[in-house]
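Once you have looked at the hints, place chain U with the ligands on chain V.
Protein chains: 2
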Amino acid sequence: KSKSKPDFSNRGMSLEEDIAATNEYYRVANIAIIHKKPTPIQIVNVDYPKRSAAVIKEAYFKQASTTDFNGVYRGRYIDFEAKETKNKSSFPLSNIHQHQIDHMKDCHKHEGICFLIIKFSVHDETYLLPAHHFFPYWDDQFNGGRKSIPYNDIKARGVLLPFHYQARVDYAKVLDKLYF
Amino acid sequence: KSKSKPDFSNRGMSLEEDIAATNEYYRVANIAIIHKKPTPIQIVNVDYPKRSAAVIKEAYFKQASTTDFNGVYRGRYIDFEAKETKNKSSFPLSNIHQHQIDHMKDCHKHEGICFLIIKFSVHDETYLLPAHHFFPYWDDQFNGGRKSIPYNDIKARGVLLPFHYQARVDYAKVLDKLYF
Ligand SMILES: [Mg+2]
Ligand SMILES: [Mg+2]
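In order, the protein sequence lines correspond to chains V and U. Numbering-wise (UniProt numbering), the first sequence opens with residue 15 and increments by one. Numbering-wise (UniProt numbering), the second sequence opens with residue 15 and increments by one.
Note that these hints are calculated values from the structure, not bench results. Just to be clear, a hint being listed does not mean it is correct.
No copy is singled out in the list; a pair is fine if it fits within one copy or between any two copies.
[Stated by the list, open to error] As a list, the in silico EDC-like pairs of lysine to aspartate or glutamate whose alpha-carbon atoms are at most 20 Å apart:
#, residue 1, residue 2
1, 119, 38
2, 169, 38
3, 51, 116
4, 187, 153
5, 50, 120
6, 51, 30
7, 169, 139
8, 76, 38
9, 64, 38
10, 123, 38
All of these numbers come straight from a predicted model, not from anything done at the bench.
Bound-form chain V, shown alone (with noise of 0.2 Å):
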């Protein structure tokens, strides 16, 4: 770790987890309304006992058809989904699914403002990637191109984000000044 980083890392914090206090802080402090949306389940039996409360006894994960993460920002529609990962060099795409892709690419069609907030735990750097810089590595993919995207152009083409104490990913400063 490097020793020029503030005390109050969030090391320890998983991304998702720093994203849910930003999101509750922007929506205490009148800033932003954003939610995390709920994981699809298919339920295929439920028990009814007479005093108590319904029981899914049988259920499986599906696959979402959308990000994580949407809302509303100084009125525009918000839409991201948030990855993390342990490579030092990369971001790889097998990280993001093709129904995600197709999700944002049809909010961002209706001006709709969509990003990736990426994650690189090794180096402790979060950074928001507008979708419009992402679209082009994932369809490269199937033309040949490279499975991942080069860290150091994530740094070029995205946004470094800020900690706060209270707003851990502070992705709405920096949505000030790429959107508004």
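Leaving out everything else, chain U with the ligands in the frame of chain V:
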């Protein structure tokens, strides 16, 4: 059933199914991207069999902390809840939960487009009621006001949603008039 109604009535389909079909049409026809959020589930016990998919063995339904539908239309954030009632002369407020109102008030504050879609199954009529018309009825019930919205008020303040074969609950057209 009134004789003036067209043959391809949506009777028999649930409001949720009609909205799902509409959303799918909007997506394919490149009109809007709106999805229903998955039902939130509290997972307690999961089995990981050796050669097959993980099976959820015990789980419970959780209260949703948001509304059912959201997405993007013409760059704006869209958020709504859909409710069907068999009541003839009013919409009982007990159909809606406080946390759904809190969420809609939050989104409304951030300039999202928020509304209810209310179907009176007896009349075979479906209305879009903008959230800012709904909020006063909600708040008044705690100050001695009535616990339901009169059908006639919804008729007066809401907009009757047209039924089309592909867009069974064609709310996008109504949003054009109300919000753009
Ligand atoms: Mg995810
Ligand atoms: Mg509902």
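Evaluated hints:
For a Cα distance limit of 20 Å, the shortest separation of residue 119 from residue 38 across copies, 16 Å, qualifies, whereas the shortest one inside one copy, 27 Å, does not. With identical chains, the CA atoms of residue 169 and residue 38 are never at most 20 Å apart, being 27 Å at best within one copy and 37 Å at best between copies. Both within a single protomer and between protomers do residue 51 and residue 116 lie at most 20 Å apart by alpha-carbon distance, with minima of 17 Å and 17 Å respectively. When the C-alpha separation of residue 187 and residue 153 is checked against a cutoff of 20 Å, the pair qualifies neither within a copy, at 29 Å, nor between copies, at 34 Å.
In this homomeric assembly, residue 50 and residue 120 come within 20 Å of each other (Cα to Cα) both inside a single copy, at 19 Å, and across copies, at 16 Å. For the identical chains of this complex, residue 51 and residue 30 are neighbours both inside a copy (12 Å) and across copies (18 Å), given an alpha-carbon limit of 20 Å. Taking the shortest Cα distances, residue 169 and residue 139 sit within 20 Å of each other inside one copy (10 Å), while across copies they are farther apart (54 Å). Taking the shortest Cα distances, residue 76 and residue 38 sit within 20 Å of each other only across copies (19 Å), while inside one copy they are farther apart (26 Å).
In this assembly of identical chains, the alpha carbons of residue 64 and residue 38 never lie at most 20 Å apart, being 36 Å within a copy and 38 Å across copies at closest. For the identical chains of this complex, residue 123 and residue 38 are inter-copy neighbours only, at 16 Å across copies versus 28 Å inside a copy, given an alpha-carbon limit of 20 Å.
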